[in-house]
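J.: Could you put the whole structure together from the sequences, leaning on the hints where they help?
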Amino acid sequence: MRWNNVRRFRLRRIVDGIGCLLSGRPSKKPLHENALHIVPWRSGASAPCKPQPIRTGLSPRGRIQPPARALLICVPLLLAAILLLAAAPDKHLSVYSTAANYSLPVVQRDRRDYVGLLEVLEPLGKVSAKFDGQRWRLRYNNRVEGDFFVGKTRVRVQGHDAELPARFLLENGRGLVPVSSLASLLPRFLGGPVTVHEDSDRLFIGSIATHFTASLAGDNPPKLVFHFTTPVNPSVSTEPGALRMTFSREPLVAPALPTLTFGSKVIPSATYAETNGGAAITVSSPVPLIASFSADGRTVTISPTSPATAQTVVAPPTPPAPAGIAVAAGPSPISHRYFAVIDASHGGDDRGETLTSTLFEKDVTVALARSLRQELESRGITVLDLRDSDATLSLDQRAYLTNTNRVAVYIALHATASGHGVRIYTALMPYGGDDRGPFHSWTTSQQAFLTLSQSAAADIANEFQKRQIPVRALTAPLRPLNNVTTAALAVEVAPQGSDLMQLTAPDYQQLVTSAVATAIAADRDRLGAPR
Amino acid sequence: MIPRHLFIGVAVLLVAVLGMSIYAWHMRGRVAAIPAQPAADTRALVPTFSGPTERATLFVAFDEDGSLRPRSAQIPLPSGRQQRAEELLSALLTIYLDKTSPHALAPGADVRSVFLVDPGVAVIDLNSAFADGHRSGVLVEDLTITSLIHTLSANIPGVLRVKILVDGKERETLAGHADLTGFYDVTAVNQLSTQLQPVQ
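Chains A and B supply the protein sequences, listed in that same order.
With my numbering as the guide, the letters of the first sequence map in order to residues 1 to 531.
With my numbering as the guide, the letters of the second sequence map in order to residues 1001 to 1200.
Honestly, the hints are just simulated from the structure, not real lab data.
Fair warning: there could be bad hints in the mix.
[Stated by the list, open to error] Here chain A is said to cover these stretches of chain B; the calculated rule only asks that three of the stretch's residues, wherever they fall, bring their Cβ under 8 Å from a Cβ of chain A:
1. 1132-1141
2. 1173-1185
3. 1188-1199
[To be verified] Some, not all, of what chain A presents toward chain B, calculated at C-beta under 7 Å:
4. Val157
5. Gly159
6. Gly437
7. His440
8. Ser441
9. Thr475
10. Leu478
Ideal placement from N, C-alpha and C gives every residue a C-beta, glycine not left out.
T.: Set out below in structure tokens:
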């Protein structure tokens, strides 16, 4: 009992001392008097101090006692610290372009993500902004001018009106636009395709995306080999049952399906995911894995490791740069001329054909475009993919981007529930056209290339026939085929049978796209010949 | 013992309920007496001209094999070119709106009018039900356009180009694919019609 009293006394003194320190109140007794003198308990000895009453925190007059006061101060401080630590990380937008990769802070206004437009454009060219009353004028490369009106959704770029999905904001001279507007707004300034992954705050300017394929090699032990279209430098981490590669500054985009399965017990699957400005590939495995990089940084091999090295993380060739710092991009995939343009038709509000209640044509065409891109690139054909997300692109924009990039062939992709097999279309030219000297009518721009287009369509149809896939070659009044100034064709894919879900099956998509890619590769010399 | 004020309150409420029931019964009888409004007529327009019939060739789309097949028909045709054009397309739509249609169109689909403008221009004005309810797809829209234009050009000589409007206005596409912004070249459409002939 006495020893308990000693401990209670000691605790009360400590708490009292903290209370004194926090409240600034001077101690009622000199420190030496407050000092605790512990007297070892011996049987029969008197108690070292009197038993103290248990404190309630309130004095008999209702005043808060020092220990309670200390608690009142400490608990809110502790809660505030917990809240600060648990707060969501700041959102940022990762921008990938041939000029630079950089990230920008994203702010929330009106429950929407906003970003500074000037900051987005600054690393890409010469930008200046001027505020004039209610109008914020942005000039890019002394060439493109845009007028933004504070609190309005209407903008005017190069004399053409456009609508933002939410109002334009001006804060401390900083023009803020919704992140969701960048896909339609930036092409007007930059003159090229822009893709926004809104969910993960990633912005791709031009055809900058890095694609990858994954395949299993070897049996004992199996190895998972990732091939990337550009050198990559991910950070690698392991956790029980998985190895994760995080790509913080590479413009990595999803494969046709987010989860890849390999039919192996050792490495059963890999999953692609995007979060807050980055991408990650997680390879699941019941055994510890190790990652090794090829010298050129384009190949990553994942293989089982011994238990001793199970937790070893193989460092990539160079440490990844910290996020938020602009870095020069590596070798640019668009530093040379594209051979082909792939156009996943529809997108955004234009859903195309409603194939099932949950499946739209616009989604199937994106998957087909990704598959075709891989097939063409694996045959050494450079590709500009016009739409790799749910972006809205007008038909004129699609034709304009194709024509300005001077590609050898334009391939539009469509999907349908009606009929069976594949249809290859070339343009059904509209009546007339008003060519004047060197200027060609926009509606009949394809006229001079129609023979080349029909020849390419026939070659692709032959390739399908070789593979015993039902195919027809037709003409169709399908824009923008008639606006394109190169070989232009559209591929409409229907299921072979009555099962519509075949349209989403990767093996069927690959069957179709590999036939198209094989025919294009065989026609490379003719299509790429100077005209 | 029920308090007096409660008794009066319940009595007033009962009277009100009775009164409202009688009023509702009375209104129901009045509504029943009003003649019913005819529902929107979604039947296909049948040829309205009832004069002498002529043999005409209609180019009918078949979704089954994605083909366009000529079909002879005895149609009462007036002498005026414009009326003839309208009667021809009405006859074609009658086939498409039938239960056994080989290329189903949306209920209520109709050709509002056909204008023949010299030299060689035909303007087909479809109603919004035609375009809004049309199935989406490159081939299915291709078949509809080709069927309309080839049927018109095969029976009305001198038509060189065709413009398609919807409710009197220009529309970008029929149902997401077939372009309606330009003039169709009848020669090119007839070549497409040949491509769409069934494989023998």
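J.: If a hint holds in the structure, say so; if it doesn't, say that too.
T.: Outcome of the hint check:
1. Counting residues of the region 1132-1141 of chain B whose beta carbon lies closer than 8 Å to any beta carbon of chain A gives 6, which reaches the threshold of three, so the coverage claim holds.
2. Counting residues of the region 1173-1185 of chain B whose beta-carbon sits less than 8 Å from any beta-carbon of chain A gives 10, enough to reach three: the coverage restraint holds.
3. Coverage of a stretch by a chain is defined here by at least three residues with a beta carbon nearer than 8 Å to that chain's beta carbons; for the region 1188-1199 of chain B and chain A the count is 6, and the condition holds.
4. Given hint, Val157(A) at the interface with chain B, is violated; its Cβ is 22 Å from that chain's nearest Cβ, farther than 7 Å.
5. Hint status for Gly159(A) relative to chain B: violated, with the closest Cβ pair at about 22 Å, above 7 Å.
6. Of the supplied interface hints, the one on Gly437(A) is violated, with its beta-carbon coming no nearer than about 22 Å to a beta-carbon of chain B, more than 7 Å.
7. With its C-beta approaching chain B no nearer than about 15 Å, His440(A) sits outside the 7 Å limit, and its interface hint is violated.
8. This hint is violated: Ser441(A) has a C-beta 10 Å from the nearest C-beta of chain B, more than the 7 Å allowed.
9. With a cut of 7 Å, the hint placing Thr475(A) at the interface with chain B holds, because the nearest CB-to-CB distance is about 5 Å.
10. With a least beta-carbon distance of about 6 Å to chain B, the hint placing Leu478(A) at the interface is held under the 7 Å criterion.
Hint violations for this structure: numbers 4, 5, 6, 7 and 8, all remaining hints satisfied.
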